[in-house]
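Just so you know, the sequences run in chain order A, B, C and D. First residue of the first sequence: 0, per numbering that gives the first Met the number 0; consecutive thereafter. First residue of the second sequence: 0, per numbering that gives the first Met the number 0; consecutive thereafter. First residue of the third sequence: 0, per numbering that gives the first Met the number 0; consecutive thereafter. First residue of the fourth sequence: 0, per numbering that gives the first Met the number 0; consecutive thereafter.
Hint data in this document are derived by calculation from the structure and do not stem from the laboratory. Check before you lean on any hint, since a few could be wrong.
Since the list gives no way to pick one copy over another, a pair counts as held whenever it fits inside one copy or between any two copies.
To be verified - Below 25 Å or equal to it, Euclidean Cα-Cα: the simulated SDA-like pairs (lysine to any residue) are:
1) 300 with 29
2) 326 with 29
3) 132 with 115
4) 148 with 214
5) 130 with 215
There are 4 protein chains.
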Amino acid sequence: MIFLRCDYSEGAHPQILEALVKTNMEQTVGYGEDPHCINAAQMIRKRIGREDADVHFFVGGTQTNFTSITAFLRPHEAVIAPARAHICVHETGAVEARGHKIVTVPTTDAKLDPDQIDETIRYHEDEHFVKPKMVFISDTTELGTLYKKSELQEIKKRCEKYGLYLYLDGARLASALTSPENDMTIEDIAHLTDAFYIGGTKNGALFGEALILLNPELKKEFRWIMKQSGSMLAKGRLLGVQFEEFFKDNLYFELGQHANDMSKLLRDGIAAKGYRFLTDSPSNQIFPIFPNKLVSELEEKISFEKECPVGDNEYCIRFVTSWATPKEDIEKVLAML
Amino acid sequence: MIFLRCDYSEGAHPQILEALVKTNMEQTVGYGEDPHCINAAQMIRKRIGREDADVHFFVGGTQTNFTSITAFLRPHEAVIAPARAHICVHETGAVEARGHKIVTVPTTDAKLDPDQIDETIRYHEDEHFVKPKMVFISDTTELGTLYKKSELQEIKKRCEKYGLYLYLDGARLASALTSPENDMTIEDIAHLTDAFYIGGTKNGALFGEALILLNPELKKEFRWIMKQSGSMLAKGRLLGVQFEEFFKDNLYFELGQHANDMSKLLRDGIAAKGYRFLTDSPSNQIFPIFPNKLVSELEEKISFEKECPVGDNEYCIRFVTSWATPKEDIEKVLAML
Amino acid sequence: MIFLRCDYSEGAHPQILEALVKTNMEQTVGYGEDPHCINAAQMIRKRIGREDADVHFFVGGTQTNFTSITAFLRPHEAVIAPARAHICVHETGAVEARGHKIVTVPTTDAKLDPDQIDETIRYHEDEHFVKPKMVFISDTTELGTLYKKSELQEIKKRCEKYGLYLYLDGARLASALTSPENDMTIEDIAHLTDAFYIGGTKNGALFGEALILLNPELKKEFRWIMKQSGSMLAKGRLLGVQFEEFFKDNLYFELGQHANDMSKLLRDGIAAKGYRFLTDSPSNQIFPIFPNKLVSELEEKISFEKECPVGDNEYCIRFVTSWATPKEDIEKVLAML
Amino acid sequence: MIFLRCDYSEGAHPQILEALVKTNMEQTVGYGEDPHCINAAQMIRKRIGREDADVHFFVGGTQTNFTSITAFLRPHEAVIAPARAHICVHETGAVEARGHKIVTVPTTDAKLDPDQIDETIRYHEDEHFVKPKMVFISDTTELGTLYKKSELQEIKKRCEKYGLYLYLDGARLASALTSPENDMTIEDIAHLTDAFYIGGTKNGALFGEALILLNPELKKEFRWIMKQSGSMLAKGRLLGVQFEEFFKDNLYFELGQHANDMSKLLRDGIAAKGYRFLTDSPSNQIFPIFPNKLVSELEEKISFEKECPVGDNEYCIRFVTSWATPKEDIEKVLAML
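Whole structure, please, built from the sequences with the hints as guidance.
Given below as structure tokens:
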């Protein structure tokens with residue numbers, strides 16, 4: 000069985016695992032205050048060009064998202080997000096469970112159109128409505144699309160106009176930043192957002208996300224909210240050790256690049272055979288549309304997710320490549336089509 | 000200034016106020032356990048043909064809605080509601096503040112289409128999604144439309160199919176049940192829903208809504224949740240006294256009828272002059288579309304809400320009639336058009 | 000049956016009721032933005048000597064308390080309160096239901112000792128603990144005791160030292176400020192607290208509490224939280240009308256004085272007969288200790304609450320007098336002893 | 000520096016780490032539905048003698064506690080717990096943050112006295128109080144003490160009498176069950192509680208706790224609450240792999256035994272030198288009382304936590320031994336005294 004189901008099917012990249020083994024018997028304090036976390040945070044600050052940033056390490060993305068929103072917003076404040084955003088769909092209402100409404104806006108490509116911010120603000124006129132206070136976007140998005148620098152700048156501009164925080168979910172940031180269509184650096188993101196996270200789980204860590212707090216308003220007593228949210232790992236250094244590996248050289252980006260290379264190979268191969276895609280996604284998630292019969296055949300040999308039916312005779316499916324996807328798997332898949 | 004802004008501009012209907020004055024110096028226990036509340040609850044049970052119902056009195060509708068949802072649902076369970084529903088828009092996220100997501104479905108007339116229930120259920124496939132457990136509808140709706148008996152039956156059928164509670168917000172139930180297009184009785188509603196409330200605030204009470212719990216699963220320890228939600232009035236008998244007046248004869252329905260009569264007069268008059276409406280609403284809220292210039296002129300003499308622009312030159316506004324609207328006001332308004 | 004069970008057994012003081020009747024058919028906007036609320040708020044600001052205060056009207060005390068705490072605190076912040084405080088006992092966990100821990104400190108007289116603030120702060124050392132951010136006290140307390148000005152000043156001093164908000168629950172503020180042992184004015188309270196409320200329900204209003212926000216940090220977008228908490232009365236002017244009556248002359252304090260006069264008569268009479276009290280409470284709640292047999296006899300003729308057994312043969316009970324208690328009732332009770 | 004600060008200073012026991020390395024490149028589905036989790040759950044069911052149990056794996060203890068409480072209780076229901084319980088102190092109000100009050104009872108040894116259950120139930124009489132619905136205890140407790148079988152049976156009896164769930168926090172269950180004073184088996188615990196968890200983090204896992212749901216009422220849709228609580232690890236099999244190692248032979252208990260052996264050596268040595276202890280704790284946490292001067296000297300060479308001052312001249316400190324504590328460290332410490 001070939002796995003194109005998700006980018007977290009395996010354990011960790013061997014270099015990361017080796018670092019965990021090597022440091023295993025070190026004795027440190029817990030909860031992220033150990034030398035590895037301190038060092039990894041400093042590496043990240045340097046790499047993103049923001050020495051003033053606060054860096055907090057989390058085990059997973061859902062945790063990172065709801066802990067941040069819990070910390071950032073007052074009870075009546077709401078989040079604006081594309082209807083396809085992870086927090087709107089696949090987190091079992093974790094944001095609402097902490098008391099906040101997400102005002103969703105419709106999209107075809109899972110990207111927020113800056114004008115939708117204006118429309119949303121206009122609609123929420125007084126104290127009978129929630130008050131939008133934060134914009135949530137993902138890069139890459141849940142449909143594998145990505146933001147251009149000019150788009151992010153425009154979104155930022157609207158956020159500043161209305162006093163909204165801009166938060167970027169970077170679960171797949173490695174794939175975004177190494178996409179052939181990307182024109183941003185991680186420094187750009189660190190200068191255009193109020194907070195974002197650098198995803199590790201989907202890019203070769205055993206687990207781990209690094210949340211970057213840039214706006215000083217968002218930093219105060221953040222660790223209290225982390226602990227209360229169950230987001231503080233006892234042996235916190237496990238997160239520091241992994242992010243040290245990601246950022247001591249260039250591993251973080253190399254793994255994203257590999258996933259993108261494999262996905263490009265697959266995408267080009269599928270397109271060459273004449274199939275269409277749900278959306279144009281130049282990253283490690285692609286959404287080809289196949290005849291139902293073909294989908295059934297593929298399911299016997301490949302593990303993947305089914306997105307949605309397209310008319311009566313076709314189905315859109317999702318293929319996800321990762322840091323661990325071997326080129327041979329792609330070739331085998333193309334041979335099946 | 001003529002008030003067509005809402006149906007809660009005045010105090011109480013004189014008969015209700017008189018009852019409050021008359022009982023003012025009685026000494027009773029508090030929190031809704033007094034003889035007036037007990038008596039009013041019994042009157043209601045009889046009137047709706049459900050001797051088994053639990054009846055709880057609330058001061059306002061927002062309270063009634065979120066207290067009920069808090070009591071009925073587990074943390075991961077969600078509400079399905081039309082996007083125009085009061086809980087989705089005008090309650091400042093009170094439902095989300097208690098931890099529950101509202102899954103909204105689009106509508107043009109603020110009414111839920113039964114098929115939308117099926118679609119919503121299909122989409123929420125596993126534990127990564129919230130679990131829809133309750134359907135929320137209003138009668139009349141927030142656009143003044145209402146449900147036919149066959150529609151409510153069909154919604155109930157889907158709810159039973161999927162194990163969903165059906166809750167009906169009756170803030171304007173008096174107007175619904177006395178509408179010329181209505182084909183339901185209050186007994187029908189008490190047999191087709193799991194819970195609903197009989198709205199008093201918008202029908203001539205000083206304040207007050209009577210929540211009716213029909214499904215035994217929803218009754219357990221409800222008063223604990225009421226108290227925790229701040230929904231238990233110390234001098235609870237004020238609510239009982241008012242609902243006794245509503246239901247000892249036929250006052251509740253007479254007041255709804257008056258509001259509808261005034262609105263029919265107004266609606267017919269506006270239509271006769273050739274104006275269009277946003278939607279066909281045979282109840283005490285109507286949504287005529289006027290040229291912008293006319294709207295500006297009307298604003299100087301009438302207090303009303305502006306709904307939304309219609310193209311560049313027209314505006315949809317809302318006129319609401321009430322138990323207290325005098326016929327002369329309607330005639331004056333028609334004369335202005 | 001004589002009612003000494005609570006101070007909210009009747010409706011409203013006749014002067015207040017009359018004002019409600021007189022204004023009944025006025026047409027105003029809702030939700031507390033009407034002329035009566037605006038006027039009453041201005042009267043209160045003047046009376047408390049704080050023109051800068053924000054005034055918000057609520058229907059009940061539980062609502063006022065949890066809405067305030069919800070608005071004032073971030074999720075990890077906690078309240079310090081005496082273990083007997085109303086929010087710790089009789090509000091069904093309404094504060095915890097909004098996510099905040101109450102750190103309770105033991106007391107014998109329901110009053111907070113300033114040193115308990117220091118001890119509590121010392122104990123909560125880092126992000127593994129909640130962070131105390133607010134002190135909650137009641138005047139009079141739940142045991143009918145009251146704070147001296149010097150005590151309130153000392154509590155305020157500690158609050159300032161640790162950056163804590165000081166909130167005073169004034170459900171029975173009228174009784175506190177007219178107690179023979181009181182040495183504070185309402186102006187003092189308005190200068191020593193960050194927020195407090197002036198209780199109406201237990202002092203002759205049909206219902207109603209006036210929350211006074213003094214610290215500017217606490218004012219921002221408070222109405223959003225009110226609405227979300229279900230604390231915004233549709234026909235809000237009912238609250239304004241009542242507080243106008245309280246403060247246009249001196250009615251608020253006269254009613255408190257009457258309750259205290261009746262309670263003094265009762266207390267002195269009981270003491271003269273040689274009975275003891277649980278605590279010395281110079282206000283409208285008293286806690287005499289009677290032989291069990293006497294308690295049983297009294298229960299047949301008087302409605303009151305039983306507090307706690309004292310040894311095997313005696314019981315402490317609570318008598319509450321109110322604005323409406325007639326002198327004859329007190330005389331009859333004393334005759335029974 | 001010798002580490003006696005906590006039992007999670009190192010990474011994982013080598014055998015566990017090796018299993019993680021060995022399975023690293025396996026491709027599995029995520030979120031705990033992989034073969035390792037399924038297998039580990041089955042091993043545990045067999046080991047505890049409850050084939051009917053549901054087993055869920057968590058990353059940490061705070062998560063396990065609040066996710067369980069969130070899933071088990073309705074909004075007005077509360078937890079009874081000893082005031083020293085982890086959830087009352089060191090979880091930053093995580094339980095209250097999900098809306099539930101913890102009713103704390105005082106203790107000297109961190110153990111719940113069964114009579115305290117009766118007293119608590121008596122006090123919470125009606126809907127103005129929260130409703131206790133669950134008892135929370137830890138074994139070993141936060142002071143290193145443990146429950147005898149007869150004590151647990153008695154607590155269970157009271158829980159059954161009042162319809163309370165009994166939950167046992169087993170963060171240090173390995174130490175409890177291998178203590179010289181223990182008279183319970185893990186099977187006993189699985190027959191006397193409604194839910195408990197088997198702690199891994201403090202007993203040699205990289206991280207991980209196994210929650211065991213025994214009462215069928217507690218099982219329904221638990222995974223929804225897990226996901227919403229951020230408690231579902233993407234690469235869930237990391238937890239399964241570790242618990243397979245714990246339970247395929249006897250590793251779980253051997254590691255607890257080692258920690259206890261080291262602590263016994265230390266405790267006996269300290270006692271032999273004439274020092275007292277705060278409480279008698281026959282497990283891997285001990286609380287000796289030393290002169291202040293000695294404490295200062297020890298701090299230079301040993302990492303440990305300071306518990307509380309004892310009079311003016313002494314201090315109670317905490318020493319924690321673990322699966323990884325070498326005998327030589329104990330000998331060195333004893334030599335310093």
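Okay, the hints, checked on the actual structure:
Taking identical chains as interchangeable, the C-alpha atoms of residue 300 and residue 29 lie at most 25 Å apart only when they sit on different chains, with a minimum of 19 Å there against 44 Å within one chain. When the C-alpha separation of residue 326 and residue 29 is checked against a cutoff of 25 Å, the pair qualifies only between copies, where the shortest distance is 23 Å, while the shortest distance within a copy is 40 Å. Proximity of residue 132 and residue 115 under a CA criterion of 25 Å is satisfied intra-copy only: 14 Å inside one chain copy versus 30 Å between copies. When the C-alpha separation of residue 148 and residue 214 is checked against a cutoff of 25 Å, the pair qualifies only within one copy, where the shortest distance is 20 Å, while the shortest distance between copies is 42 Å.
Taking the closest pair of Cα atoms, residue 130 and residue 215 come within 25 Å of each other both inside a single copy (21 Å) and across two copies (20 Å).
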